[in-house]
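2 protein chains.
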Amino acid sequence: MRIDGLQYANWSEKIFRQLREGGVDAIHVTIAYHETFRETVLNFEKWNRWFEQYSDLIMKGQWASDIDAACQTGRTAVFFGFQNPSPIEDDIGLVEILHSLGARFMQLTYNNQSLLATGCYEAEDSGLTRMGKQVVKEMNRVGLVVDMSHSGDRSTIEAADHSQRPITITHANPHDWQPALRNKRDEVIRAVTQNGGMFGFSLYPHHLRGKSACTLTDFCEMIARTADKFGTAHLGIGSDLCQDQPDSVVEWMRVGRWTKDIDYGEGSQAAPGFPPMPDWFRDNRDFGNIEQGLRDVGMSADEVAGIMGGNWYRFFAENFGPMGEKHG
Amino acid sequence: MRIDGLQYANWSEKIFRQLREGGVDAIHVTIAYHETFRETVLNFEKWNRWFEQYSDLIMKGQWASDIDAACQTGRTAVFFGFQNPSPIEDDIGLVEILHSLGARFMQLTYNNQSLLATGCYEAEDSGLTRMGKQVVKEMNRVGLVVDMSHSGDRSTIEAADHSQRPITITHANPHDWQPALRNKRDEVIRAVTQNGGMFGFSLYPHHLRGKSACTLTDFCEMIARTADKFGTAHLGIGSDLCQDQPDSVVEWMRVGRWTKDIDYGEGSQAAPGFPPMPDWFRDNRDFGNIEQGLRDVGMSADEVAGIMGGNWYRFFAENFGPMGEKHG
Chain W
1 MRIDGLQYAN WSEKIFRQLR EGGVDAIHVT IAYHETFRET VLNFEKWNRW FEQYSDLIMK
61 GQWASDIDAA CQTGRTAVFF GFQNPSPIED DIGLVEILHS LGARFMQLTY NNQSLLATGC
121 YEAEDSGLTR MGKQVVKEMN RVGLVVDMSH SGDRSTIEAA DHSQRPITIT HANPHDWQPA
181 LRNKRDEVIR AVTQNGGMFG FSLYPHHLRG KSACTLTDFC EMIARTADKF GTAHLGIGSD
241 LCQDQPDSVV EWMRVGRWTK DIDYGEGSQA APGFPPMPDW FRDNRDFGNI EQGLRDVGMS
301 ADEVAGIMGG NWYRFFAENF GPMGEKHG
Chain Z
1 MRIDGLQYAN WSEKIFRQLR EGGVDAIHVT IAYHETFRET VLNFEKWNRW FEQYSDLIMK
61 GQWASDIDAA CQTGRTAVFF GFQNPSPIED DIGLVEILHS LGARFMQLTY NNQSLLATGC
121 YEAEDSGLTR MGKQVVKEMN RVGLVVDMSH SGDRSTIEAA DHSQRPITIT HANPHDWQPA
181 LRNKRDEVIR AVTQNGGMFG FSLYPHHLRG KSACTLTDFC EMIARTADKF GTAHLGIGSD
241 LCQDQPDSVV EWMRVGRWTK DIDYGEGSQA APGFPPMPDW FRDNRDFGNI EQGLRDVGMS
301 ADEVAGIMGG NWYRFFAENF GPMGEKHG
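Protein chains in written order, with my numbering: chain W, 1 to 328; chain Z, 1 to 328.
What the hints contain is simulated information worked out from the structure, not anything from laboratory work.
Errors might be hidden in some of the hints.
[Stated by the list, open to error] Restricting the straight-line Cα-Cα distance to at most 16 Å, the calculated cross-link-like pairs of lysine to aspartate or glutamate (EDC-like) are:
| # | chain 1 | residue 1 | chain 2 | residue 2 |
| --- | --- | --- | --- | --- |
| 1 | Z | K137 | W | E52 |
| 2 | W | K229 | W | D176 |
| 3 | W | K137 | Z | E52 |
| 4 | Z | K229 | Z | E187 |
| 5 | Z | K14 | Z | D56 |
| 6 | W | K46 | Z | E138 |
| 7 | Z | K229 | Z | D186 |
| 8 | Z | K229 | Z | E303 |
| 9 | Z | K46 | W | D91 |
| 10 | W | K133 | W | D91 |
| 11 | Z | K133 | Z | D161 |
| 12 | W | K211 | W | E266 |
| 13 | Z | K46 | W | E138 |
| 14 | Z | K137 | Z | D161 |
| 15 | Z | K211 | Z | D176 |
| 16 | W | K14 | W | D56 |
| 17 | W | K133 | W | D90 |
| 18 | W | K46 | Z | D91 |
[To be verified] Cβ pair distances, simulated, as ranges:
| # | chain 1 | residue 1 | chain 2 | residue 2 | range |
| --- | --- | --- | --- | --- | --- |
| 19 | Z | T259 | W | M323 | 44 to 52 Å |
| 20 | Z | L181 | W | D90 | 37 to 45 Å |
| 21 | Z | Q134 | W | A317 | 32 to 40 Å |
| 22 | Z | E325 | W | G74 | 16 to 24 Å |
| 23 | Z | E318 | W | Q53 | 20 to 28 Å |
| 24 | W | S65 | Z | P275 | 46 to 54 Å |
| 25 | W | R130 | Z | F51 | 19 to 27 Å |
| 26 | Z | T73 | W | R17 | 40 to 48 Å |
| 27 | Z | Q134 | W | G324 | 35 to 43 Å |
Backbone N, C-alpha and C define an ideal beta-carbon position, used for all residues, glycine too.
Construct the entire structure; sequences and hints are all you get.
Right under this line is the structure:
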C-alpha cells in the first residue's frame, strides 16, 4: 500500500494516470492555501467534477475504508486538506462544515501568523492563540487533523501538547540533515511523534540535502536514522509534489493576498519557481524507487511497508472520525 | 414509526422535548427560504450546535438508517431541506456540496419564478427552465429530492416527468377539498405519485377545509379518499408546523429580499401571522390524534403505519443516496 501525505499538483488526467502507474492508493491533496471558505467550496466542486470525469482513476477519500475500496477498484483515493486555516475564516462552526465536505487535514498556519498560531517565517512565535486552542479542540472533536508543517517550533510543540489527538507534520525533513527554515528540529519531531503523531518526509528540493542533487541513498539513510530516533511507526512520505504548477501558482502559495510585495519563500529572485525534482523522484511513478531505496539501506519489509503507506493508513483510520469513534 | 415530511418551527429545547413526547422518529426541517449559500451554511452550523447541545433528544439525519439509530436511542433524526433553490445560487456544483452537508430536499421554487421553475403565485407558469432541467438531473445523481410544494402546476408536472427519480410535494392538500392556491389539483398529485413520488398532507390551517376549525374526522376522511385515488403507499404527513415563529419570520418567508412591499401569502393584512392550529394538532405531541383519526375512518393498521411514517421511511431509503445505490 502506497499513501502520499501531501501533494499539490496542477491536476490533470496525465497526473491521475501517473498515480495509477506508481501504484499510489491514496494521496492527501491541498485544496486551499489562502482561499476563503467560499473559494474553498469552489475547489471542492472542482474535485467533485474530476471524480465524475475520471471515475476510473480516482475517487473521493473520506475514511481509511475508502482506501480499501480504491485498492479493490484500481483507483487512487483523494483526501483533502488546507495549508492555512483561511477556509474557516473567523468561525469555529466552519470546522465541522468543512469536515462534512471532506476536509481531513488543516495547517494552523502557512508561514505567517494566523488567527490560530504562528507561522515558521515570523520573527516571534507566540504559540497557540486563544482561538487556536478552541479550534484545535473542535478539530479533535470532529476528526480534522492538525498539520503543523509550516508553523513555528513553539506553536508546533504547543499544538502537539494541547491537542487531545495525534497531530502531524505532513511534509518536512529533519533540520539537522538539511537546515532549511521549514525543516524540523528534533524536539519538534519528538513532540509530534511521542503523542502518536505522524511525520511525512518531503521531496521538495529545498528540503533535501544537496537540493535537486540529493541522492536516493542519502534520503533513505536520513529516513532510517529518523526511524532509529523516533520510531518507524510514526513516519511516512509527504512528497510535497507540486508537479506542472506554473510560477503564478507558486506565487499565490507564497504571497496570497497578504502582501503587495513578492516573497520568494525558500526560493529567490534569481530562482523564483520550483527547483527540478531529484532524478529518482520525478513524479508519482517513482514511489517504487523510494521503496527500493529504503530496503537498500537495510530497513525491514515491515518497516518499509509502514513508511510507504501502512502508517498513514492506520493514522487515517484512527483520526478522521469523531473523537471516540473509529471509522474503518 | 412516525415521520413528519416538513416542519419549520422556531426550534428550542421545548420543541425537541415535544418531538420525543409525540414519538416523532424523524422530521424534515426547512433550513432555507431565501438564504444564499453562505447564509445556509450558517443554518447548518446552528443545527450542528443543537446536535451537540441536545444530543439526548435529536441527531442529524442523512440516511434512512439514521432513523433506525434514532429509534434505538430514543431520539428524533433531523433531515434538512430548502424551500427555495436560493442556496445553490447560480451554481450547479453547489447541489453536491449541499448534499454532502446533509441537504435532502430542495424545492425548485418558493411561490415566485426561480432560476429553475415557476412558483405557484406567478401569473404564467413557463415550466422547467434550461437550468432547471440540468439541476433536476444533478439532484437525481447525488440524491437531493425535488420538492414542488410551492411550484406551479405545469412546473410540477414537468419536474415529475423530467426527473429520473421520484419527486415530492412534501406539504399540501388536495385542491378539491380546500381550494387554496397552494393545494394541488388531481392531475398534479397524480403526476407526482404515479412516478413513485410522495405527497405529504399539511396541517397549515389555510390548507384545511374550515381552516383552524377543520375537524380531525374531515381531515382523515380527506386522506382516506386521497388514498383511494392515488394509492396509500405514496402518502405521508408534512405538517408544515411553524410553531413559535414570530410574525417577522413569517414575513421573511413571504418576502425575503425580493420586494420592498409586503406580501401576505395566504394570510391578509388583517391577519398577517399564522392562524391558530386546529385543537387536535397543536404541535408534535398530537401525532397520536392523527393516527387514531385515520383508524377511526376505517383505514387498516398497515395503511395507517405507512402514512404515519413507513412510506416516508421507504422513500428516504430509496432516494437520499447516489443514483443506483441504496443507502439503508
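Here is how each hint holds up against the structure:
1. Proposed proximity of K137(Z) and E52(W) is supported: the alpha carbons are some 14 Å apart, at most 16 Å.
2. Proximity of K229(W) to D176(W) is assessed by CA-CA distance (about 13 Å); at most 16 Å being required, the pair is judged to hold.
3. Restraint check for K137(W) and E52(Z): satisfied, since their Cα atoms lie roughly 14 Å apart, inside the 16 Å limit.
4. Taken as a hint, the K229(Z) and E187(Z) pair is honoured in the structure, with Cα atoms around 11 Å apart against an allowance of 16 Å.
5. Proximity of K14(Z) to D56(Z) is assessed by CA-CA distance (about 13 Å); at most 16 Å being required, the pair is judged to hold.
6. Note on K46(W) and E138(Z): the hinted pairing holds, with a Cα-Cα distance of about 15 Å set against a maximum of 16 Å.
7. Distance check on the hinted pair: K229(Z) and D186(Z) sit about 9 Å apart at the alpha-carbon level, within 16 Å; holds.
8. The suggested pairing of K229(Z) with E303(Z) holds, with an alpha-carbon distance near 14 Å, which does not exceed 16 Å.
9. For the hint pairing K46(Z) with D91(W), the CA-to-CA distance comes to about 12 Å; that is within 16 Å, so the pair holds.
10. Only pairs whose Cα atoms come within 16 Å are accepted, and K133(W) paired with D91(W) is accepted, the gap being roughly 13 Å.
11. Taken as a hint, the K133(Z) and D161(Z) pair is honoured in the structure, with Cα atoms around 11 Å apart against an allowance of 16 Å.
12. About 11 Å separates the Cα atoms of K211(W) and E266(W), which keeps this hinted pair within 16 Å; it holds.
13. A distance of roughly 15 Å separates the Cα atoms of K46(Z) and E138(W); the hinted pair therefore holds under the 16 Å criterion.
14. A C-alpha spacing of about 12 Å is found between K137(Z) and D161(Z), which places the hinted pair at or below 16 Å, so the restraint holds.
15. In summary, the hint linking K211(Z) to D176(Z) is supported, as the alpha carbons are separated by about 14 Å, within the 16 Å threshold.
16. Between the alpha carbons of K14(W) and D56(W) the distance comes to roughly 13 Å, so the proposed pair stays at or under 16 Å and holds.
17. Taking the CA atoms of K133(W) and D90(W), the gap is about 13 Å. The hint holds against a cut of 16 Å.
18. Between K46(W) and D91(Z) the CA atoms are separated by roughly 12 Å; this keeps the pair inside 16 Å, and the hint holds.
19. Between T259(Z) and M323(W) the C-beta distance comes to about 47 Å, which sits within the given range of 44 to 52 Å.
20. A hinted range of 37 to 45 Å holds for the C-beta pair L181(Z) and D90(W), which are about 44 Å apart.
21. At roughly 38 Å, the beta carbons of Q134(Z) and A317(W) sit within the given window of 32 to 40 Å.
22. At about 20 Å, the CB distance of E325(Z) to G74(W) agrees with the hint of 16 to 24 Å.
23. In this structure the supplied range 20 to 28 Å holds for E318(Z) paired with Q53(W), their Cβ-Cβ distance being about 27 Å.
24. About 51 Å separates the C-beta atoms of S65(W) and P275(Z), a value consistent with the hinted range of 46 to 54 Å.
25. Between R130(W) and F51(Z), the C-beta spacing of about 25 Å keeps the proposed range 19 to 27 Å intact.
26. At about 46 Å, the beta-carbon gap between T73(Z) and R17(W) stays in the expected band of 40 to 48 Å.
27. For Q134(Z) and G324(W), the hinted distance range of 35 to 43 Å is satisfied, since their beta carbons lie about 42 Å from each other.
The earlier numbered hints are all upheld by this structure, with none contradicted.
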